[in-house]
Amino acid sequence: MSDRVADIYGVRTPHARGTVWPARVDQYLDPGVTEDAVDRWVQSACLLCSNGCGMDIAVHDGRMVGARGRPGDTVNHGRLGPKGLYGSTRWAHAPDRLTVPLVREGGRLVETDWETAMARIVTTSRALLEEKGPLSHGFYTSGQLFLEEYYTLALIGKAGLGTPHMDGNTRLCTATSAAAFKESFGADGQPGSYTDIEHCDAVFLYGHNMPETQTVLWTRILDRTRGAEPPRVVCVDPRRTLVALEAERTGGVHLAPRVGTNMALMNGLTRELFAHDWVDHEWVAAHTVGVDELRDVVAPYTPEHVADVCGVDPSDLRAAARIFGESQAVLSTVLQGFYQSHQATAASVAVHNLHLLRGMLGRPGAGVLQMNGQPTAQNNRECGADGDLPGFRNWDNPRHVQQLADAWDVDVMTIPHWAPPTHAMQIFSYAETGSIGLLWISATNPAVSMPESARIRRVLGGDQCFVIVQDLFLTETAELADVVLPAAGWGEKTGCFTNVNRTVHLSERAVDPPGDARSDLDIFLMYADAMGFTNRSGQPLIGWRTPEEAFEAWASVTEGRPVDYTGLSYDKLRGPSGIPWPVNAEHPDGTDRLYADGVFPTDTDYCETFGHDLLTGGAVTEQEHRAKNPAGRAFLKGAPYTPAHEQPSEQYPLLYTTGRTVYQFHTRTKTGRSRDLNAAAPDAWVEISVADAEARDIVEGDWVRVESPRGRIEVRARVGNVMEGAVFAPFHYGHWEPDEAQGGGHSDTGRRLANELTMTVWDPVSKQPTFKTAACQVIRLRDGDGPAPAPTTTASAPVTEPPPGRRPRPTAGGGPTISTVLESTPTYRLDPSQDGEGSCRT
Amino acid sequence: MPHLTTYIGLADRSEQTLASSLRAVAEGHAHIADVFHTCRTLAEWSDANHEALAPVVERYGEAHDVDEPERLQAAGLAETRGGEIGLLRDLQDLHVLATLVQTTWTVIAQGAQGLRDRELLSITEQANNQTSRQLTWLNTRMKAAAPQALIVAP
Ligand code: SF4
Chain A
1 MSDRVADIYG
11 VRTPHARGTV
21 WPARVDQYLD
31 PGVTEDAVDR
41 WVQSACLLCS
51 NGCGMDIAVH
61 DGRMVGARGR
71 PGDTVNHGRL
81 GPKGLYGSTR
91 WAHAPDRLTV
101 PLVREGGRLV
111 ETDWETAMAR
121 IVTTSRALLE
131 EKGPLSHGFY
141 TSGQLFLEEY
151 YTLALIGKAG
161 LGTPHMDGNT
171 RLCTATSAAA
181 FKESFGADGQ
191 PGSYTDIEHC
201 DAVFLYGHNM
211 PETQTVLWTR
221 ILDRTRGAEP
231 PRVVCVDPRR
241 TLVALEAERT
251 GGVHLAPRVG
261 TNMALMNGLT
271 RELFAHDWVD
281 HEWVAAHTVG
291 VDELRDVVAP
301 YTPEHVADVC
311 GVDPSDLRAA
321 ARIFGESQAV
331 LSTVLQGFYQ
341 SHQATAASVA
351 VHNLHLLRGM
361 LGRPGAGVLQ
371 MNGQPTAQNN
381 RECGADGDLP
391 GFRNWDNPRH
401 VQQLADAWDV
411 DVMTIPHWAP
421 PTHAMQIFSY
431 AETGSIGLLW
441 ISATNPAVSM
451 PESARIRRVL
461 GGDQCFVIVQ
471 DLFLTETAEL
481 ADVVLPAAGW
491 GEKTGCFTNV
501 NRTVHLSERA
511 VDPPGDARSD
521 LDIFLMYADA
531 MGFTNRSGQP
541 LIGWRTPEEA
551 FEAWASVTEG
561 RPVDYTGLSY
571 DKLRGPSGIP
581 WPVNAEHPDG
591 TDRLYADGVF
601 PTDTDYCETF
611 GHDLLTGGAV
621 TEQEHRAKNP
631 AGRAFLKGAP
641 YTPAHEQPSE
651 QYPLLYTTGR
661 TVYQFHTRTK
671 TGRSRDLNAA
681 APDAWVEISV
691 ADAEARDIVE
701 GDWVRVESPR
711 GRIEVRARVG
721 NVMEGAVFAP
731 FHYGHWEPDE
741 AQGGGHSDTG
751 RRLANELTMT
761 VWDPVSKQPT
771 FKTAACQVIR
781 LRDGDGPAPA
791 PTTTASAPVT
801 EPPPGRRPRP
811 TAGGGPTIST
821 VLESTPTYRL
831 DPSQDGEGSC
841 RT
Chain B
1 MPHLTTYIGL
11 ADRSEQTLAS
21 SLRAVAEGHA
31 HIADVFHTCR
41 TLAEWSDANH
51 EALAPVVERY
61 GEAHDVDEPE
71 RLQAAGLAET
81 RGGEIGLLRD
91 LQDLHVLATL
101 VQTTWTVIAQ
111 GAQGLRDREL
121 LSITEQANNQ
131 TSRQLTWLNT
141 RMKAAAPQAL
151 IVAP
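Chains as they are written, first to last, in the numbering used here: chain A, 1 to 842; chain B, 1 to 154.
Don't read these hints as lab results, they were simulated from the structure. Ideal placement from N, C-alpha and C gives every residue a C-beta, glycine not left out. Do not take every clue at face value.
[To be verified] Derived contacts from chain B toward chain A, CB cut-off under 10 Å, selection only:
(1) 16
(2) 34
(3) 86
(4) 88
(5) 115
(6) 119
(7) 121
(8) 133
(9) 134
(10) 139
(11) 140
(12) 143
(13) 146
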């Protein structure tokens with residue numbers, strides 16, 4: 001029986017390099033529910049981060065009462081982390097679930113029925129179409145819907161209405177991952193696989209606090225670093241995270257660049273590869289373009305110069321580069337520390353460059369994992385609800401647009417493809433002026449998660465734009481809407497989603513949704529029906545009613561594209577494991593890693609984009625792309641470092657970054673309703689370095705005000721593991737608060753929203769907002785009456801011994817879970833440690 | 001080489017005009033984050049081109065008094081417009097200015113070839129490159145802004 005709040009990663013199963021990761025099955029059941037009482041276990045996968053752990057849902061008496069890892073699943077080999085165990089099902093029967101639609105009457109939201117709510121939407125929608133046309137409509141979705149829902153909405157938006165204004169909160173979490181793939185390899189698609197962990201001899205984590213964001217993946221790494229022939233770990237992070245400690249333990253390096261200087265660091269590492277000739281010249285000549293330009297761009301970034309810019313020790317930079325240069329198989333992972341920072345795409349592309357220079361892609365152990373933030377972010381990118389065209393098609397390639405027009409039987413002119421899709425920040429700007437007059441938000445809470453919250457609240461709350469919100473709860477965003485639609489959640493509906501390493505899972509309906517709540521798919525279909533969208537043959541545009549039919553329609557439009565689902569079906573997904581795409585006649589069991597043959601989807605007629613200028617975002621034209629004749633070779637693209645948009649000043653001398661804690665997900669809609677999780681990180685805090693705290697007379701637990709040119713928060717201080725000059729705030733906490741029994745009831749709920757301080761500024765290529773670089777000041781307000789409400793188990797641990805009365809108790813208190821290490825490890829079809837076919841030649 | 005010096009003068013002045021116009025557009029549309037930041041970056045590129053030319057100006061001199069090419073001078077954007085359509089027009093004006101800059105560099109490059117002046121040639125190549133990137137961004141941004149501005153902007 002283990003408390004997985006205290007013991008986040010559970011028992012170790014160390015194993016040697018090149019051997020299969022043992023299986024361990026983790027299980028949690030609600031208090032009072034015994035295993036015998038479980039009526040059935042329903043197949044699914046966890047929806048609380050991008051890792052995509054295979055999971056069965058326990059059902060008792062028509063309620064979801066617990067979760068168990070699937071031992072045969074290639075992603076997690078049976079394991080689950082604290083969020084998956086404690087957070088998966090509790091929200092579903094929370095008393096404040098939305099169960100009926102709401103409409104705004106005289107300034108208040110009042111209960112109504114579906115017909116009334118939908119009639120209001122359709123009347124507004126029709127009137128706007130009549131008056132202004134399709135550009136008056138915008139859709140803002142999520143990283144938490146199912147593939148079938150994204151694809152259906154993509155069709156409604158692109159072929160029913162014809163609006164380019166579609167994006168998801170995936171823009172905030174994962175857009176840079178997609179953009180970086182497109183720039184380097186020609187199309188989206190994760191090159192590497194989690195099985196690379198078993199085979200690498202070095203692992204680099206760039207701005208990726210994996211122990212908090214994907215705990216099960218970190219468990220997989222720990223089982224290597226604690227086993228025979230462990231890999232060395234290199235950590236790039238301004239905080240001294242658990243990754244940094246593991247780097248120190250394994251003889252790796254912790255590089256802590258100043259906030260906003262990632263690009264200088266990456267250029268320094270790249271230059272070292274050239275300087276020491278850690279370059280596979282033959283491979284580079286055969287499989288890449290642009291090496292000479294890249295060498296020129298990075299030439300000025302000597303270790304000493306980089307040390308100046310980044311505040312790292314030049315010998316650490318050299319040591320890290322040497323590990324990269326001399327290892328046989330390097331795995332790199334990248335996340336928000338790069339994606340939500342200045343020069344996001346350029347820095348993420350630089351990670352690809354390192355791998356390309358050494359020919360380290362496409363074989364077990366040598367891989368790149370550009371991570372995603374949310375569990376279904378990948379599907380938003382694939383299906384085109386984020387504005388991209390479905391199937392990784394190129395909006396700038398008329399033949400690709402024609403393929404969709406044919407598949408959908410619509411006029412090609414209907415499908416907006418005249419310019420890049422409108423990104424989230426732009427959608428909100430259009431909504432701000434009323435140029436977008438109808439904004440439909442599904443399964444996301446921008447009032448908390450978007451930068452410069454005060455502005456977002458104004459946009460959503462104003463009269464200039466009609467706002468529809470479709471969600472599980474009356475979130476901070478839903479409170480501002482004109483119409484609120486109650487949605488069924490995970491476990492209450494069926495559909496598929498795809499994790500970071502392309503693994504597709506089917507998640508079956510386990511229970512009925514509460515009250516009149518409906519699945520997002522049904523809601524979108526209801527709108528499409530009411531609007532009467534038809535194709536050129538006069539048939540309904542959306543030719544499906546069920547998730548399975550939607551899946552089949554989706555699979556058929558992926559034919560011939562990198563993201564090939566044609567070999568997948570619901571039946572096939574009912575097997576022991578999720579299956580990574582491409583799955584087709586050639587690869588009926590799926591594909592563990594891409595680009596084994598060094599052929600990339602860069603051909604001008606095949607690629608998803610012609611690329612961009614990494615500094616400005618200016619688009620490369622088809623002719624320019626053709627002139628480079630990439631023909632299956634990857635692009636090496638460099639960019640000089642440029643200073644961040646907002647530099648510290650006398651008034652705002654510190655640099656503000658936002659981030660996550662292991663116990664909460666997104667804006668806490670689900671995790672905040674699990675007492676076990678919420679009590680572990682119940683309220684907001686801010687982390688400040690010892691030196692900056694001393695200079696301000698701040699001790700652990702004191703109330704402080706953090707302010708930037710845009711806003712302020714008042715929270716308690718943790719004197720913690722951040723670099724001097726940096727400040728860290730978790731972004732999960734809006735004004736919604738569970739009741740006291742759930743560990744809620746705090747007094748600072750109106751003054752703790754981390755995004756009040758962030759800026760409206762975004763990366764020029766991926767358009768991902770920069771949450772990690774704003775200038776701020778921290779001012780001591782008054783004594784606290786205890787420690788800061790931050791966990792002690794993670795990077796948020798206090799760094800010095802706090803004074804008496806301010807010492808936090810070790811974080812604990814999760815309900816009992818069972819963890820069983822299996823004696824014989826199941827067979828994972830593609831696993832190279834078990835002689836699986838491992839990789840694919842595309 | 002009276003006409004080469006005229007063109008060098010033209011490049012010098014038009015890069016400065018472009019830089020100040022980019023800055024004016026950045027300030028005028030400061031609430032549009034990408035326009036604000038990118039225009040300021042592009043202005044720095046024009047500054048750099050202008051500075052790179054300094055040693056050449058020193059060598060050849062810079063003429064202001066030859067009749068014919070004077071007509072090519074474009075005034076900068078002193079004032080910007082408001083709203084989505086205003087942004088579009090401002091970007092278009094910048095594009096016109098940048099095109100003038102680019103053709104000027106092209107003409108000078110031809111002269112540098114004729115003179116076998118390697119220093120000047122490499123300056124023009126670098127500058128021409130940067131101007132192309134400026135034009136590319138302006139084009140990309142106009143394409144993105146146009147539909148909304150033309151059809152639905154209030
Ligand atoms: S690692 Fe992510 S997907 Fe796996 S159980 Fe934890 S939250 Fe769920």
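Structure-based check of all given hints:
no. : hint : in the structure
1   : 16   : violated, 20 Å
2   : 34   : holds, 7 Å
3   : 86   : violated, 12 Å
4   : 88   : violated, 12 Å
5   : 115  : violated, 26 Å
6   : 119  : violated, 18 Å
7   : 121  : violated, 18 Å
8   : 133  : holds, 6 Å
9   : 134  : holds, 8 Å
10  : 139  : holds, 7 Å
11  : 140  : holds, 4 Å
12  : 143  : holds, 5 Å
13  : 146  : holds, 7 Å
Violated hints, listed in ascending order, are 1, 3, 4, 5, 6 and 7; each of the other numbered hints is respected by the structure.
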